[in-house]
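Undergrad: From first to last, the protein sequence lines stand for chains A and B. Per our numbering, the first sequence starts with residue 23, numbered consecutively. Per our numbering, the second sequence starts with residue 17, numbered consecutively.
No lab work stands behind these hints: they were computed from the structure. Just to be clear, a hint being listed does not mean it is correct.
In silico lysine to any residue, SDA-like type, Cα no more than 25 Å apart, as pairs [to be verified]:
id: 1; chain 1: B; residue 1: Lys331; chain 2: A; residue 2: Lys172
id: 2; chain 1: A; residue 1: Lys226; chain 2: B; residue 2: Pro333
id: 3; chain 1: B; residue 1: Lys331; chain 2: A; residue 2: Gly224
id: 4; chain 1: B; residue 1: Lys230; chain 2: B; residue 2: Val183
id: 5; chain 1: B; residue 1: Lys307; chain 2: B; residue 2: Phe319
id: 6; chain 1: A; residue 1: Lys172; chain 2: B; residue 2: Arg157
id: 7; chain 1: A; residue 1: Lys79; chain 2: B; residue 2: Gly410
id: 8; chain 1: A; residue 1: Lys77; chain 2: A; residue 2: Lys226
id: 9; chain 1: A; residue 1: Lys79; chain 2: B; residue 2: Ala406
id: 10; chain 1: A; residue 1: Lys175; chain 2: A; residue 2: Ala216
id: 11; chain 1: B; residue 1: Lys438; chain 2: B; residue 2: Leu33
id: 12; chain 1: A; residue 1: Lys226; chain 2: B; residue 2: Ala408
id: 13; chain 1: A; residue 1: Lys79; chain 2: A; residue 2: Leu27
id: 14; chain 1: A; residue 1: Lys77; chain 2: B; residue 2: Ala337
id: 15; chain 1: B; residue 1: Lys230; chain 2: B; residue 2: Leu187
Partial pick of chain A residues on the chain B-facing surface, computed with a CB cut under 8 Å [unchecked claim]:
id: 16; residue: Asn45
id: 17; residue: Asp66
id: 18; residue: Pro92
id: 19; residue: Val118
id: 20; residue: Thr120
id: 21; residue: Ser130
id: 22; residue: Phe134
id: 23; residue: Glu138
id: 24; residue: Pro151
id: 25; residue: Val155
Please read all numbers here as calculations on a predicted model, not as lab measurements. Yeah, the Cβ is synthetic: ideal placement off N, Cα and C, and Gly gets one too.
Chain by chain, the residues run as shown.
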Amino acid sequence: MVIDLDRCTGCSACVAACHAENNLPLSTPESAANGRAVHWIRVDRYYEGEFPDVKVKYMPVLCQHCDDAPCEPVCPVYATYQTADGLNAQVYNRCVGTRYCGNNCPYSVRFFNFFEPAWPETLELQLNPDVSVRPGGVMEKCTFCVQRIKRAKLDGEQNPQPACVQSCPAEAMVFGDLNDKESKVARMAESGRATRLLEDLGTKPKVYYLSRAT
Amino acid sequence: VTSGVFEKAREDRLEGLFHLLSRPVAGRAYFAAVAVCGAVVLWAVLAWAYQIRTGIGVAGIQRPVFWAFYIVNFVFWIGISHAGTLISAILRLTGAGWRKPVTRAAEAITVFALMIGGLFPLIHLGRVWLFYWLIPYPNERLLWPNFRSPLLWDLTAIFTYVSGSVVYLYLPLIPDLAAVADHSRGLKRRIYRALSLNWTGSDREWHALERAMKLMAGVILAVAVSVHTVVSWDFAMALTPTWHSTIFGPYFVAGAIFSGIAALVLVLGALRRFMRLEAYLRPLHFDQLGKLLLLMCLVWSYFTAAEHLTVWYGKQPAEYAVLEARIYGRFAPYFWAMVGLNLGVPFVLLGIRRLRNIQTVMVSGAAVLIGMWLERYLIVVNTLSYPRLASAWGRYAPTWVEISITAGTFAAMALAYLVFVKLFPIIAIWEYEDVGHG
Numbered sequence: 023m024v025i026d027l028d029r030c031t032g033c034s035a036c037v038a039a040c041h042a043e044n045n046l047p048l049s050t051p052e053s054a055a056n057g058r059a060v061h062w063i064r065v066d067r068y069y070e071g072e073f074p075d076v077k078v079k080y081m082p083v084l085c086q087h088c089d090d091a092p093c094e095p096v097c098p099v100y101a102t103y104q105t106a107d108g109l110n111a112q113v114y115n116r117c118v119g120t121r122y123c124g125n126n127c128p129y130s131v132r133f134f135n136f137f138e139p140a141w142p143e144t145l146e147l148q149l150n151p152d153v154s155v156r157p158g159g160v161m162e163k164c165t166f167c168v169q170r171i172k173r174a175k176l177d178g179e180q181n182p183q184p185a186c187v188q189s190c191p192a193e194a195m196v197f198g199d200l201n202d203k204e205s206k207v208a209r210m211a212e213s214g215r216a217t218r219l220l221e222d223l224g225t226k227p228k229v230y231y232l233s234r235a236t
Numbered sequence: 017v018t019s020g021v022f023e024k025a026r027e028d029r030l031e032g033l034f035h036l037l038s039r040p041v042a043g044r045a046y047f048a049a050v051a052v053c054g055a056v057v058l059w060a061v062l063a064w065a066y067q068i069r070t071g072i073g074v075a076g077i078q079r080p081v082f083w084a085f086y087i088v089n090f091v092f093w094i095g096i097s098h099a100g101t102l103i104s105a106i107l108r109l110t111g112a113g114w115r116k117p118v119t120r121a122a123e124a125i126t127v128f129a130l131m132i133g134g135l136f137p138l139i140h141l142g143r144v145w146l147f148y149w150l151i152p153y154p155n156e157r158l159l160w161p162n163f164r165s166p167l168l169w170d171l172t173a174i175f176t177y178v179s180g181s182v183v184y185l186y187l188p189l190i191p192d193l194a195a196v197a198d199h200s201r202g203l204k205r206r207i208y209r210a211l212s213l214n215w216t217g218s219d220r221e222w223h224a225l226e227r228a229m230k231l232m233a234g235v236i237l238a239v240a241v242s243v244h245t246v247v248s249w250d251f252a253m254a255l256t257p258t259w260h261s262t263i264f265g266p267y268f269v270a271g272a273i274f275s276g277i278a279a280l281v282l283v284l285g286a287l288r289r290f291m292r293l294e295a296y297l298r299p300l301h302f303d304q305l306g307k308l309l310l311l312m313c314l315v316w317s318y319f320t321a322a323e324h325l326t327v328w329y330g331k332q333p334a335e336y337a338v339l340e341a342r343i344y345g346r347f348a349p350y351f352w353a354m355v356g357l358n359l360g361v362p363f364v365l366l367g368i369r370r371l372r373n374i375q376t377v378m379v380s381g382a383a384v385l386i387g388m389w390l391e392r393y394l395i396v397v398n399t400l401s402y403p404r405l406a407s408a409w410g411r412y413a414p415t416w417v418e419i420s421i422t423a424g425t426f427a428a429m430a431l432a433y434l435v436f437v438k439l440f441p442i443i444a445i446w447e448y449e450d451v452g453h454g
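Build out the structure end to end from the sequences listed, making use of the hints.
TA: Structure representation (structure tokens):
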């Protein structure tokens with residue numbers, strides 16, 4: 023995935039789309055205050071300059087699907103592992119909830135189900151049938167919308183798009199196969215503006231950020 | 017004739033010690049203590065049941081502080097467990113004569129502290145009912161647990177340590193179990209007889225026992241050092257700022273011995289007072305243990321200074337965010353309280369010889385126990401509150417469930433000890449039979 027920070031307006035459409043697609047629990051003011059709000063993708067804000075001359079920079083942060091993911095070796099039950107496609111997958115059924123992966127993720131993009139999932143009445147009727155509802159006590163995180171990737175493979179379609187990418191009005195996010203050197207993402211990742219988040223840790227993330235020119 | 021007189025005097029002395037130790041412990045007060053501790057333990061068990069039923073969310077953990085009170089308690093109790101084996105093994109191997117009334121009390125602390133500490137990795141699990149997935153045997157899909165995970169190393173190390181400590185407590189108990197059997201009748205006699213493996217006290221048996229104890233003392237020393245190193249690696253193997261530190265292994269071992277001695281002097285003080293063991297646990301023992309505590313206080317302080325100074329000087333942003341909160345910020349009260357309790361109190365009370373007596377040694381022990389608990393709280397909660405990306409910084413506060421379970425473990429320790437002193441001689445009686453062995 024490539025995210026062009028020059029294009030991101032911080033509108034948070036990606037966050038809303040992700041919630042709808044992936045059966046995320048309702049995030050309320052209380053859950054936010056308790057540090058228990060779940061957003062598989064979030065928009066971090068960085069402020070530059072002194073008031074009133076302030077510039078805000080936005081940066082959508084999701085699971086970076088690292089090649090050398092710090093979350094993977096520490097899990098005692100292989101609940102998180104690297105798939106053959108290079109996704110960092112989370113197997114909810116295997117997870118026993120040591121939460122070690124969450125502590126060892128430098129991007130803080132892993133979330134925990136503190137209770138059994140519950141939605142207010144009628145909202146539970148709009149759950150996405152392609153996405154598992156996670157039981158209480160397990161970790162979860164962005165899957166790059168693995169259900170869409172799987173579906174596209176089965177249907178023989180090209181270019182599956184995760185919900186966040188599909189819903190970005192500024193087209194700041196691009197998704198594709200980095201191994202395919204001809205693909206748009208692979209070419210963009212070669213750009214001189216491409217950087218990766220906390221790259222110096224050696225985690226080899228698969229999300230590239232194109233830095234702001236302005 | 018002379019040797020007969022000495023023999024008689026020795027037997028009288030042993031008889032006296034035996035009766036002192038087998039006397040029902042202080043009647044009504046004893047049962048009141050058992051009832052109070054039992055009630056607190058029961059409350060903690062109910063709190064745990066409530067947590068399992070409702071979800072681990074009833075604890076105060078949140079993102080990013082995914083580990084908190086339970087892991088603090090885990091490290092704390094595993095640290096306390098170093099009281100016994102390590103101290104008693106060192107004293108045994110070096111043949112320190114003053115060890116005699118101290119070793120069994122210390123070894124019992126180890127076993128109970130490990131049993132309590134070993135529960136916390138379970139209590140903290142999101143789905144505790146699946147805990148057996150962590151045990152290394154292949155499941156129905158032939159999938160083993162992940163041996164690359166420090167948590168697996170931890171499980172292996174602690175399991176080894178518990179088994180070793182139980183054996184290490186049991187071996188020197190065998191002759192005393194036989195003595196208890198000799199002094200009792202009926203069913204009780206048969207039970208203690210069986211527990212003593214039909215010990216007769218022959219030379220061959222003594223010889224075998226001594227060899228086994230010496231071997232176990234050596235083995236348990238190595239295991240004890242490695243266990244707390246592995247516990248520290250739960251943290252040090254992670255990328256998390258200030259956890260990823262090479263000093264953590266020895267730092268944790270030093271801290272564990274430090275808190276272990278602190279627990280030991282408190283337990284010995286209580287035993288001396290409530291079991292009237294003034295004749296056996298003499299000021300000398302507290303003086304020696306006080307010096308040991310002072311030594312570990314200096315070692316711990318040295319490690320702490322080395323660890324914090326390098327982070328402070330290096331000022332790497334991610335690590336410094338943690339340190340800044342610890343020294344000047346939100347966690348400063350805990351940090352400076354820890355410094356006062358772990359360095360200030362023992363350094364003054366034990367370092368100045370005029371001030372060193374049974375009371376001040378016990379006060380230092382209590383201070384160090386609180387200080388070392390705070391140290392683990394800082395390592396776990398302070399660090400996790402400040403992950404690398406500032407947007408994820410968070411605050412943690414414990415809930416009544418975590419506090420209840422924590423209180424329950426202290427009560428469980430007291431309860432286990434109360435039961436132990438009633439059933440078994442808390443001082444190794446045979447060690448006072450200084451003829452031929454010991």
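Undergrad: Going straight from one Cα to the other, do lysine 226 of chain A and proline 333 of chain B come out at no more than 25 Å?
TA: 21 Å, holds
Undergrad: Minimum Cβ distance from threonine 120 of chain A to chain B below 8 Å?
TA: Since chain B brings a Cβ to about 6 Å from threonine 120 of chain A, closer than 8 Å, the hint holds.
Undergrad: Taking only the CA atoms, is the gap from lysine 172 of chain A to arginine 157 of chain B under or equal to 25 Å?
TA: Roughly 23 Å between the alpha carbons, so the hint for lysine 172 of chain A and arginine 157 of chain B holds.
Undergrad: Quick one, is the valine 118 of chain A hint okay against chain B at 8 Å, beta carbons?
TA: Because about 5 Å separates valine 118 of chain A from the closest Cβ in chain B, which is inside the 8 Å limit, the hint holds.
Undergrad: Straight-line Cα separation of lysine 79 of chain A and leucine 27 of chain A no greater than 25 Å?
TA: Roughly 8 Å between the alpha carbons, so the hint for lysine 79 of chain A and leucine 27 of chain A holds.
Undergrad: Check whether the Cα positions of lysine 307 of chain B and phenylalanine 319 of chain B lie no farther apart than 25 Å.
TA: It holds: about 19 Å lies between the C-alpha atoms, which stays within 25 Å.
Undergrad: Measure nothing beyond the straight line between the CA atoms of lysine 79 of chain A and glycine 410 of chain B; if it is 25 Å or shorter, mark the hint as holding.
TA: 22 Å, holds
Undergrad: Take the C-alpha atoms of lysine 230 of chain B and valine 183 of chain B, compute the straight-line distance between them, and say whether it is at most 25 Å.
TA: 12 Å, holds
Undergrad: Does the interface hint hold: is phenylalanine 134 of chain A within less than 8 Å of chain B, judged Cβ to Cβ?
TA: 6 Å, holds
Undergrad: Are the Cα atoms of lysine 438 of chain B and leucine 33 of chain B separated by 25 Å or less?
TA: Holds, because 14 Å separates the two Cα atoms, which is no more than 25 Å.
Undergrad: Against chain B, is asparagine 45 of chain A within 8 Å by beta-carbon distance?
TA: 18 Å, violated
Undergrad: At a threshold of 8 Å, is the proposed contact between aspartate 66 of chain A and chain B supported by beta-carbon distances?
TA: Since the shortest Cβ distance to chain B is 4 Å, the answer is holds.
The structure fails to meet hints 1, 8, 10, 16, 24 and 25 from the earlier list, while all remaining hints are met.
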